[in-house]
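Listed here are the chains, written in short residue letters.
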Amino acid sequence: MNPSPTRHTSGRPAWEHVVGALGLVLFATGSYVGLFVAPPERMMGEVGRILYAHVPTAWISMLAFTGAFVAALGHLFSGRRGFDHAVEALVEVGVVFAGLLLLTGSIFARPTWGVWWSWDPRLTASAVMMLTFIGVLLLRGAVIDPDRRATWSSVATVLAFVNIPITWFSVKWWRSLHQTQSDGQSMALTMKWVMYFNTLALLLVAIWLVARRWRIAQAQALAEAPPPLPGEEALG
Amino acid sequence: MTVVLAQATAEGVVQGGWGYVIAAYGAIWLALGLYAANLHFRHRAADAASREEA
Numbered sequence: 017m018n019p020s021p022t023r024h025t026s027g028r029p030a031w032e033h034v035v036g037a038l039g040l041v042l043f044a045t046g047s048y049v050g051l052f053v054a055p056p057e058r059m060m061g062e063v064g065r066i067l068y069a070h071v072p073t074a075w076i077s078m079l080a081f082t083g084a085f086v087a088a089l090g091h092l093f094s095g096r097r098g099f100d101h102a103v104e105a106l107v108e109v110g111v112v113f114a115g116l117l118l119l120t121g122s123i124f125a126r127p128t129w130g131v132w133w134s135w136d137p138r139l140t141a142s143a144v145m146m147l148t149f150i151g152v153l154l155l156r157g158a159v160i161d162p163d164r165r166a167t168w169s170s171v172a173t174v175l176a177f178v179n180i181p182i183t184w185f186s187v188k189w190w191r192s193l194h195q196t197q198s199d200g201q202s203m204a205l206t207m208k209w210v211m212y213f214n215t216l217a218l219l220l221v222a223i224w225l226v227a228r229r230w231r232i233a234q235a236q237a238l239a240e241a242p243p244p245l246p247g248e249e250a251l252g
Numbered sequence: 009m010t011v012v013l014a015q016a017t018a019e020g021v022v023q024g025g026w027g028y029v030i031a032a033y034g035a036i037w038l039a040l041g042l043y044a045a046n047l048h049f050r051h052r053a054a055d056a057a058s059r060e061e062a
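The listed protein sequences derive, respectively, from chains R and L. So the first sequence is residues 17 to 252, counted in the numbering used here. So the second sequence is residues 9 to 62, counted in the numbering used here.
Just so you know, these hints were derived from the structure itself, not from any lab. Watch out, some of these pointers could steer you wrong.
Coverage of chain R stretches by chain L, computed from C-beta distances (three or more under 8 Å per stretch; other residues unrestricted) [said to hold, decoys possible]:
(1) 136-148
(2) 205-214
Covered by chain L, per the in silico footprint, the following chain R stretches (three or more residues, Cβ under 8 Å) [said to hold, decoys possible]:
(3) 67-80
(4) 122-133
(5) 228-238
All residues carry an ideal CB built from backbone N, CA and C; glycine is no exception.
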C-alpha cells in the first residue's frame, strides 16, 4: 500500500525545520553581532547597523523572485504542477522579504535622509517590485480553475520579473539618493562579513518558509483535485 | 535634508538612532515570527482539508 501523499505534509519532522532552526540561530547570532559587536558606520554611526539586516532582505527578496521566475518558466514549458507550487511559495515569501526591505529601508531613511520615504528611482522600483508580485498573488486568488491559475500566474510572474534588473541597476542608471552597490573594497572586513553572515542566516530562514509554503500549496492542490471517476479507484 | 543636518554633528556623523536600529531588527523578527505562525496554521488547515478529500 502506497502512503498517502498527504502523509508527507505531516508526521515525521520535515527537513526544512532543521534548516529553519539553523537559520534562526544564525540570525540571532548575526543580530547580536550586528547590534553589539560590529563597529558603527563612519558617517551614519549606530544607525548604520540597520544595513546588516536591510541589505540581506533585499538580496533574499530578489533571489526569491528570481526563483519564482525560473519556476514560472519551468511550468510554462513543462506544465508540471510542482513548478506552480514553487511559484506560489517563492512569490509569497519574496513579498514578505520585500515588505521587510521597504520597512527597514524606510526606518533607515528617516535618520539618514530626514524622510521616511522618497520617490527615488531605487525606492520606487523596489515598491513597484513588491506591488507587482502582490498582483501575482491577487491574480492567483481570483482564478478558481487550477490550470488557468497556474498558467496565468506563471505569465504574470515572468512579466513582473522584468522589474528585477531595473531595480538592481536603478542606482547606476539614474541619479539616486540611494547608494550604489558596494564593491567590497569600500566596506570594512568586519562589516562585510556580518552582512554576508546575516544573508546566509536569512537565506536558510527563507528556504524553511518556502518549503512550508510549498507544502501548503501541495496540500491545497490535493484538496481541490476532482474526485476519481467510478472505476478509476479499482484501476489504481 | 535639513533634518539630516540637524541630527549630524559638526563632523557629519549621525548621532544616536538606537531606536531606529531596534525598530528595524524588531520588525524583522516580529514579521518572520508572525509569518511562520501563519504558515503553521495554514498548513494544518490545508492538511486537514486534503485528508478529508482523500
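Do the hints match the structure? See the list:
{"no.": "1", "hint": "136-148", "in the structure": "violated (count 0)"}
{"no.": "2", "hint": "205-214", "in the structure": "violated (count 0)"}
{"no.": "3", "hint": "67-80", "in the structure": "holds (count 3)"}
{"no.": "4", "hint": "122-133", "in the structure": "holds (count 8)"}
{"no.": "5", "hint": "228-238", "in the structure": "holds (count 7)"}
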